[in-house]
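**Q** Fit chain H to the given chain Y structure using the hints.
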Amino acid sequence: MKISAAREELLAQLQTVSRVASTRAQALSGVQLIAAGGRVELRATDQEIALRVPLTAEVEREGTILLPARLLVDVVRSLSAPSVSLEQRPAEQDVELVAGNAQFHIRTLRSEDFPPFPEPEQEGNVTVPARAFVDTVLRVANSASRDETRPVLTGIMVSASERELRMVATDSYRLSVKETQLEHPLAGGFEANVPARALQELARLVQQVDGETLTVGVRQNQVVFQIGDVILSSRLIEGQFPNYRQLLPESYEHELTIAGGEVTDVVRRISLLAQKNAPLRLSFAPGELTVSSQTPDIGEARESLPVAFQGEPFEIGFNPDFLRDGLEAVGSGDVLLKLISPLRPGLIQSAEDGGFLYLIMPIRLNV
Amino acid sequence: MRLIVARCEVRYTGRLDALLPEALRLIMIKADGSVLVHADHGSYKPSNWMTPPTTIEESDGSIVVRKFAGKEEDRLDIRVVEVLSDVTHDMGEAAALEKDGVESHLQELLAEQPHWCGEGFRLVRREWPTDIGPVDLMCRDGDDGWIAVEIKRVGTIDAVEQLTRYLERIRLDPAMDGCRGVLAAQTIKPQARVLAEARGIACVEVDLAVLRGEREPDLTLFG
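Chains as they are written, first to last, in numbering that gives the first Met the number 0: chain Y, 0 to 366; chain H, 0 to 222.
FYI, nobody ran anything at the bench for these hints, they're computed from the structure.
One thing to keep in mind: the hints can contain errors.
25 Å max Cα-Cα, derived DSS-like pairs, lysine-lysine [stated by the list, open to error]:
| no. | chain 1 | residue 1 | chain 2 | residue 2 |
| --- | --- | --- | --- | --- |
| 1 | Y | Lys-275 | H | Lys-44 |
| 2 | H | Lys-66 | H | Lys-44 |
| 3 | H | Lys-188 | Y | Lys-275 |
| 4 | H | Lys-29 | H | Lys-66 |
| 5 | Y | Lys-275 | H | Lys-29 |
| 6 | H | Lys-66 | Y | Lys-275 |
| 7 | H | Lys-29 | H | Lys-44 |
A few chain H positions that, by computed beta-carbon distances, are all more than 10 Å from chain Y [as the list claims (entries may be wrong)]:
| no. | residue |
| --- | --- |
| 8 | Ser-42 |
| 9 | Ser-61 |
| 10 | Val-63 |
| 11 | Glu-81 |
| 12 | His-88 |
| 13 | Val-123 |
| 14 | Val-153 |
| 15 | Gly-212 |
Glycine included, every Cβ here is placed at the ideal spot set by N, Cα and C.
With the rest of the complex left out, here is chain H:
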């Protein structure tokens, strides 16, 4: 991974033309050929980027990144005016994403924003105890109905089975015999969705970047 902090101007030509005027920027050149130009704002998104495979040509005061998209060439011309830092690090093998970390983070974010699990949901408690283990979130809806929410990174049939078991235990309490179930995950497998729907469990796909406020939600006609 090469990190260059430089005063530079970046011109993109290809499907359209775009110009980033001369300013101090971070240029990331990854071993896989990705090139990302970051500013000190704009959240996690680069101001401009090129996905691999790319060809990178470097000369005095210039870095040219090229990529062929069909017959056309996408091109990033970086005119370097001043280099403040230019370091290269060997990153080694990347560790896999920590699954439990993601699930825990999802639970934390959905506890703060339970409306992503269903319209009008409000949080009653995280880690709602049952005699076979805690369900991730217990919520109530606008009609004061109970909803048990199980959160996963990937919603699988096992997740549906797990939530089904929790619901069986929760519904033993006469005050909660109408408790509904929601499986919330970043992605839900089609088979899991079928099984969940057959059991009356709702499925909700949530976007971690949107929950974190890093990306705006999809554009919609109304809220």
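If we strip away everything but chain Y, and leave its shape as in the complex, we get:
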């Protein structure tokens, strides 16, 4: 194999693809370069996510090589010449990289150990608006669990049908549901529990790649996303995802509309003194909400804001990060806060946009 490419283009595509390269197995820590049919493609995988990105390059000799991803990125980043050539030297089992006067010989990894990638299928795919898909991902992704001991919760349950795209994520302490109404009906539908990490990677790609539509192909145990010439595939998570509708309380004792920006700012400020797992305390009294925090040996903070609260005063505690995530995910505009009691879940949603729900469990307060 022998190719040459602009250094800037090569670096950008290597940085994109190497994000999914594994840090565990040696073969999976590589980036595969495939030059065939006059095109060059870069591939990387950690066996959960696989990514293929095109590279604009001149192909002098076709072939396939596997090089250590991190090292290759570091080398290309360090180059000053505008173009780079890569030539495989089978006898030496390496690749000669030349850029200006700089010359590198980088040992290749065993291509035989690199797994085959799923090919996108022509049938059974659903095309969705890329922007709407990614915006929906970003509204719920924070609620997905990072605890690998409960893998089913590390995914985002994605459902698409007709004019609706719905994503649900929960780590058992909070639950995010975003329903996005689409302009045009979809030609097909699917439901799959996709690792949140894969969808967050997809969100990054969509922001980098030109393309208004995203093709989604759900297979038995994997999903393939294609935007332009970029293909990201991921295994699907097996297991029973919680039925979110059963988790939503049927009624609430208090329903308050609060200026979203204001309460989010207050929560951000007061959270600074809720450290070492200390809760954020929300004290409701007629006409007023006081947000306070206290961390032993660090200090205390409190701030009040007017709210249309009526009834007996009560206090409820929340994880400051989880509460802030929920308020930020609502976006701009007023926030509708629905509460039952200090030990029952609270609901945060946009007062204007009914398509987003954030259910959050409180923390027990000692006093």
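**A** Using the frame of chain Y, we list chain H on its own:
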């Protein structure tokens, strides 16, 4: 450490008002200014307390504990009706927590409740022998997969290295070549978590008080 067993009424005023009606209670006044009011129930948690720094004023039949939280005053008014016992002990220097004792206790508790290490885990054996030493717990999951669990008070990079070595030895047995690893600790250092995840080892933080049944687990939307 001063321990007073007294019939008393305790009124807390500050961020909210709370009243403990007149009853027989244990009042602990520690040298660091902590004041704790215990009942003979409610597990290890005091019925009311004040963390240091505090100001303690005592008069006939009354102990007032005050603390300033910002501009506001937190106040514990203890109205003492009858004193049954009032003793003060010099506690000297407190010994550090016995690390091995905690780890051993964690192992005992997790052996009884292996589900805290992972969903569907069941214990096969404590102190599973390898030729370089015993791994704390050997479990199987719902799919009958093997899981070696190493238990630490604090999960560090050394703990990840130790578990990695055990896994290498365990996986030499073809019947256990798919054995996974779980590092369970009260706290896990971020660097250890990164290294563990890079090696495919799961990290689980466990709460000793929850394992002991002394504190209820965090509230969750579902089990």
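**Q** Hint by hint, where does the structure go against what was stated? Just the numbers, ascending.
**A** none
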